[in-house]
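S.K.: One letter stands for each residue in the lines below.
There are 4 protein chains.
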Amino acid sequence: MQAGHFRDQATGAGKRERTRAALLDATVQLIAEKGMEAVKINDITTAAGMANGTFYNYFNDKDEVLREAAYSVASAVSQQLDREMKAITDAPTRVVRATKNFISIILQKPEWAFILLENKHTLPGLRDDVAQYLQADIELGVAQNKFDVTVTPFLLQQIIALVGAAITIQFEAGSNETQTHEVCENILRLLGFSPTKARKQVASAIEGDAN
Amino acid sequence: MQAGHFRDQATGAGKRERTRAALLDATVQLIAEKGMEAVKINDITTAAGMANGTFYNYFNDKDEVLREAAYSVASAVSQQLDREMKAITDAPTRVVRATKNFISIILQKPEWAFILLENKHTLPGLRDDVAQYLQADIELGVAQNKFDVTVTPFLLQQIIALVGAAITIQFEAGSNETQTHEVCENILRLLGFSPTKARKQVASAIEGDAN
Amino acid sequence: MQAGHFRDQATGAGKRERTRAALLDATVQLIAEKGMEAVKINDITTAAGMANGTFYNYFNDKDEVLREAAYSVASAVSQQLDREMKAITDAPTRVVRATKNFISIILQKPEWAFILLENKHTLPGLRDDVAQYLQADIELGVAQNKFDVTVTPFLLQQIIALVGAAITIQFEAGSNETQTHEVCENILRLLGFSPTKARKQVASAIEGDAN
Amino acid sequence: MQAGHFRDQATGAGKRERTRAALLDATVQLIAEKGMEAVKINDITTAAGMANGTFYNYFNDKDEVLREAAYSVASAVSQQLDREMKAITDAPTRVVRATKNFISIILQKPEWAFILLENKHTLPGLRDDVAQYLQADIELGVAQNKFDVTVTPFLLQQIIALVGAAITIQFEAGSNETQTHEVCENILRLLGFSPTKARKQVASAIEGDAN
DNA sequence: GATGAATGAGTATTCATTCAT
DNA sequence: AATGAATGAATACTCATTCAT
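Protein chains in written order, with the numbering used here: chain A, 11 to 221; chain B, 11 to 221; chain C, 11 to 221; chain D, 11 to 221.
Just so you know, not all the hints are guaranteed correct.
Pairs count within a copy or across copies, as identical chains cannot be separated in the list.
[Said to hold, decoys possible] Cut-off 27 Å, straight-line C-alpha distance, at most; resulting in silico cross-link-like pairs (DSSO-like, lysine-lysine):
hint, residue 1, residue 2
1, K72, K50
2, K72, K207
3, K207, K156
4, K156, K72
5, K50, K25
6, K50, K156
Keep in mind the hints are simulated off the structure, nothing from the lab.
In this text the structure is predicted, and so the values were computed from the model without any measurement.
From just these sequences and the hints, can you work out the full model?
M.R.: Below is the structure:
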């Protein structure tokens, strides 16, 4: 029986919740190690230290764990991001900080990165959550006269694609602060900033960040 | 026995070539319908109108067809794109036209779209081909003093991500000329164009296009 | 569900052991009927009265059962032989008795005979076990000044070949006590006995045997 | 198209014979390389330089080639042995020389060794041929008052087993003249010779041999 | 006779899921 | 609730054999 994010969350909860959390942790871990389609029920239960039959007392089928694992990760990321963004009001700063924090959160938990990347297409919930979040910030920036764009779902997806590509590359080639700054600049360019202004904005936005 | 791109190419060739082409066509079709990992050898041979064993007279194993199917599609797209880009010398125009043509070629053959999207990560050849192509055009633009960027692999992947996202969306929601124009503008913004100049450049580049 | 040597051994053991034993019994039986290479997993499970997939809860692959079946038989024979040879100290008597008992054990379980004969070349363990056993007895005889030979691996294999041929013939044409006596005499001749002494020695050695 | 024993034999014969011989040669070669059960029709025709369908113009099925290949080898060995034994009249000398020559012929064509050893059990013809040959020599020796045995099929098989074991060992561990002498001595011991006489007899029999 | 494309029955192996204990 | 043995449908791959050209 190993430690794990969800299991830690469930400490103190009933036994049922703890067992369930252990299965989810095992699932997340295995997805990170071998990819979604290579995860077997037996691997999950073995990793969680129980008999294979036990699995079906907690999930109806394999799809269900996979979906819940992905959802849990997404919502954990989302909560952490919320916490770190509360006090910021300037839209460009919000966009830059959110991007930087998002990338950093994900790269610190490689097993989360994998799930999120694998599910970009599959998991509509995640994509939409992120999009809503982003949409609010961009609309704010438009209202503040900082961004020269029309806010469309298409635009949001374009920006998400930039972030996704950056994560993929850093996930494969290792974390890289310069690249993180570049995505931020690129996003600002997409939003209408000139190269020079984008660079300055990124610099100042990051200056004020503890991370 | 159905028609199909590769089978058409092989008309007149020997029987061996024709059968092989039929298997490839069936494979491409099935990938488009159900995704790579859901393709079964039996499906392929059934779709191609032959016995299951015949498959193995032409391919060593499942991986081999999948790889060849992806490769064939990529190279068909690449050839068509080359043909259409020959005479253009202005870098921004090249970038816009290539983007537009690429999207249009792929959306005309939805079964190709799927393969290309599924293999973005898997098929290193394709991604690198596209990247090289793009790199040449961007370096040209830098030399022509049109783009304000440093050319890095990271930048290329960012641009490819924009195009990939656009294709994905149009593949799901239907072809959309406005969105195609927007990707082009976004790419130019990334390359240092102001919103206004980007819009004008796209308009003029596309004006001269027959498609 | 049939009786069988290993299943009998496993009576009273856990269910897991009993199922495993049933699979081994079925395997041994099938090898005897059709030879090693003709044994199919489906035959084994059907003969053992279970579903095909059950096999893989107990063995990793076909090779593993075949190897274990052969090994189990060899070790069963070996144990039985040990039990029957304990008290004998005179080397020529040991050689004669061991030969006779070995042949008799094997011919009483025809399914064992087949496995042992088929694996003479494949199963190095068995051949070496028998050889070591034999070597000890022959060296004893040399020390007792009863045998006129130099003990070499080659000599041991020659003697084993005599026993193997005798078993093969009796396996095909039926058990035959005269032939068993003849092999024993032949072995003694190989070890330097004259025809007359060999005959007497065999007669006296066998006289004292209960079997 | 390669050279090969049977193909050489068939030089000058009709085309049909030559093609057939080429297939047999290929078969023998492949058996030697990978064992009987691993030989595939496609391998045979490829090795013989023809299309797979051609095979069935010459043989009814796979078993037929395998059988004929084994038979051809056996009869080639037999012919060569006959040639070398003609002039010898003393029975013990015949036995020793035949054994030595047999072993030497087989070890010189490793591909033949393999076939002969693999078919010891399967190919009744071969075993019986050798047995008849041997029987004649031993009966001669009994008539010459040189051997102290009763001639039975069982005895013949015992002797053949000794030779077979010697070939197997030398095939695996390399040709070894001492071991060849030892088999000969062992055979003479079986036939009633004392250790000393056996040794002398072998020495004198081999002295007169060109090989 | 020669060819080689096509065939399809046969087999090992995997794994989600069920269910009696 | 937990267990873990049993299940069997699903699937890739092999290869002797056939037969139209």
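S.K.: Confirm or reject each hint.
M.R.: Quick rundown of the hints versus the structure:
Both within a single protomer and between protomers do K72 and K50 lie at most 27 Å apart by alpha-carbon distance, with minima of 8 Å and 21 Å respectively. For a Cα distance limit of 27 Å, the shortest separation of K72 from K207 qualifies neither inside one copy, at 49 Å, nor across copies, at 52 Å. Taking identical chains as interchangeable, the C-alpha atoms of K207 and K156 lie at most 27 Å apart whether they share a chain (11 Å) or sit on different chains (18 Å). In this assembly of identical chains, the alpha carbons of K156 and K72 never lie at most 27 Å apart, being 47 Å within a copy and 53 Å across copies at closest.
Taking CA atoms no more than 27 Å apart as the test, K50 paired with K25 passes in both settings, with 24 Å inside one copy and 25 Å between copies. Within a single copy, K50 and K156 get their C-alpha atoms no closer than 49 Å, and across copies no closer than 53 Å, so neither meets the 27 Å cut-off.
When the structure is compared with the earlier hints, violations turn up for hints 2, 4 and 6 and for no others.
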